[in-house]
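Put together the whole structure using the sequences plus the hints.
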Amino acid sequence: MLNVETNSLKMLDEQIAKIADGDKSALAVLYNCISVSVYSYALSVLKNRSDAEDVLHDTMLEVWRSAPGYQSMGKPMAWIITIARSLCLMNLRRKSRFSDEPLETAVYMPENEELTSEDKIVIRKCIETLGDSEREIVILHAVSGFKHREIAEILGLPLSTVLSKYNRAIKKLRKTLSDN
Amino acid sequence: MANKDIEQKIKSAFSKSVPDILDSVLQQCSEQKGTVIEMTENKKKKGLIYKIAAIAAAFVVLFGGTAAVLSMIGVNIVETKVFFDVNPSVEILLNRNERVLEVNALNSDGEKIIGDMDFKGTDLEVSVNALIGSMLQNGYLSDIANSILVSVDNGDPQKAAELQQRLVENINAIIGGASIDGAILSQTISHDSDISALAEQYGVSCSKAQLISDILAENSLLTFEELAGLSINELNVLRQSDGITNDNLQITGTPSTDRYIGEKSAWNKAVNHAADNAENQELKKDISNLICEKTDENISAADGKVKLDIENGKMVYEVEFMVSDYDYEYEIDAVTGDVVKYDRELDDDYRDSSGNKKTTGDSSNSSDNKSSTSNNNSSSSNNKSSSSNKKSSPSNNKSSSSGYIGEQKANDIAFKHAGVSVSSVNELETELDRENGTVVYDVSFSAGGYEYDYEINATTGKIARYDSEIDDDYRNGTDTKTSSNSKSSSNGKTTSNNKSSSSNDKSSSSNYIGEQKAKEIAFKHAGISGSSAKEFEAELDRENGVVIYDVSFSAGEYEYEYEINAITGEIFSHDKERD
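Protein sequences appear in the order of chains S and F. Each residue of the first sequence is one higher than the last, beginning at 1 in the numbering used here. Each residue of the second sequence is one higher than the last, beginning at 1001 in the numbering used here.
Rather than coming from a laboratory, the hints here were simulated on the basis of the structure. You may find that some hints are simply not true.
[What the hints assert, rightly or not] Now the stretches of chain F that chain S is said to cover, found in silico as 3 or more residues with beta-carbon under 8 angstroms: (1) 1015-1028; (2) 1189-1203; (3) 1527-1535.
C-beta: ideal position from N, C-alpha, C; glycine also.
So this is what it looks like as structure tokens:
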């Protein structure tokens, strides 16, 4: 699973370098490290599990394609999430032209058997209670381990906005999860 | 629910949500790679031999590559991270079969431990044997430093706990095999961005950062910075000395303190030092009675206490005892036995009893009382008390013959630094004194509504310490001052009151937040209710030119001290000390 500690970042950089050389086992290692972050992020933005799956898939392909041109700035995760983000935005743009899907649990709730009923409540509350950008920020911080400053960079928002949205979101979640 | 708990729940729920689409990704990549080669070949119109080579290459990538990758899926994936911290810090990355994928050094000592050993593909147990063996061989684990921190990071807490247990048993056996009684701290950890940030900032592993954070959570007097430089054995000793336990931290064995001189030896060094510096035979005798001569004799709790602590990143014994109304506080270097710091002040009970209890050492009465507010200068009282009330006049240049700069020069240095003219100075006192073994001139005077106190190195003329505060008469007369304001009432300093009446504009007290507000700010920061605070004192003071409230009180087992900006209410400094 992803870990944005320095060592892990170094490890990701190494994998991307190997991927650039066509090493698919490195792509498998990378997938294991980043799939949770990418999928969770995509799910939080798209609120649709099948679209999120597509984004995870396409992000991996894009990494495979773009790895030779990747220049390490010590921020491999930010690079990957930026790819995922632009794929999400493309998906949203496409969606808004053709349909306006209602928000239904069945549409977004993942089907993994490991999910406990509490996990499902947490996911449902994240999707239904939080605003879109609040959710995006919370997932990037809680699941991917990005610092608020890094999230501000990725999303192109002022740090103060990220912090206040994050705090508001956590407050909402605390309340709604305690009510359950 | 704490933020951390909520984040953990989110992380856990979303982590389980991911569909496994790796096969499909890998397949698609192969197809793409094949296509790319074909397109290149078409475009560039290479000869037949190149075509065959390119297609063969595509097949290798497509089939051979895929087969190899598929067989490696799972075995090349990091499922668990194990961290060992002693002073060397290393991490071991494991796949799901507990085969080692990588071993990485997390500090330079870690590099020494790993050397040129190649662990890839080895069994975890083999790697642990080699790593711990290397730590023993290189002296990082020994009789005098027997602690190791073992940390396991695995998404599945049950698996992590099980592996933690096995590792502890395994390491215990290895260390025991070297005839060393190991002290093993172990924990399960998971990614925490705050811990990672601290680890990065201070250049320690996340596992050590977690341990340090746990210690700090229990002892707020310490700082991350000073703990980051300690070895695990030193942290373990501190943790034990403070009685810190944590639900997540499993502890086996006792950390070695063999490197240190021992509590008794530290106690005796402090007591001997105090006796050597006693100003009269009677006090010397009283102090000497505290010496612990027999090896099996325990230091009586009634006499005082001694405990291991840390000072400027060094392990010290903190020794405290009381003799003849004096509180002595020593810090003794735990390894060398040197006196690092010492301090003597008049006992609180004595001070609160309006001076009637005992009348010897009058002059030390004034200086000792002062030391309770300005904290640093109480050890200077030894010489003062013997020179009983003697005020030095400029002509009393008693030390010019001994290689010292002389009182006059010391005065000039102080006046210059304070920016006052000689003509504006009142109540000048200059005394030769001793501060932590260094001879200083203690110069105190008042000028322009302020009281100044300087310590000037008697040999070099360098200012060792200085303090200035608003003269008592300048303070807000309406404030409900508490009884401890001995400064204005006891010694002979305030005899000439005429100095303060003219320039009161400096402290226009109407702008100040008031004692009550300062008190509330301090209580809020300390997280205590007003009713639980005792021995409350608040004084208007000046720190680096800014008027502050100097607030102190005790609550529970702690003494608190705050400096609060008298106008903005901002907390300048705060200190919490065990009572």
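Evaluation of the provided hints:
Counting residues of the stretch 1015-1028 of chain F whose beta-carbon sits less than 8 angstroms from any beta-carbon of chain S gives 11, enough to reach three: the coverage restraint holds. Coverage of the stretch 1189-1203 of chain F by chain S holds in this model, with 6 residues showing a Cβ closer than 8 angstroms to a Cβ of that chain against a need of three. Given as covered by chain S, the stretch 1527-1535 of chain F fails the check, having 0 residues with a CB less than 8 angstroms from a CB of that chain where 3 are the minimum.
Hint check: a violation occurs at hint 3 only; the rest are consistent with the structure.
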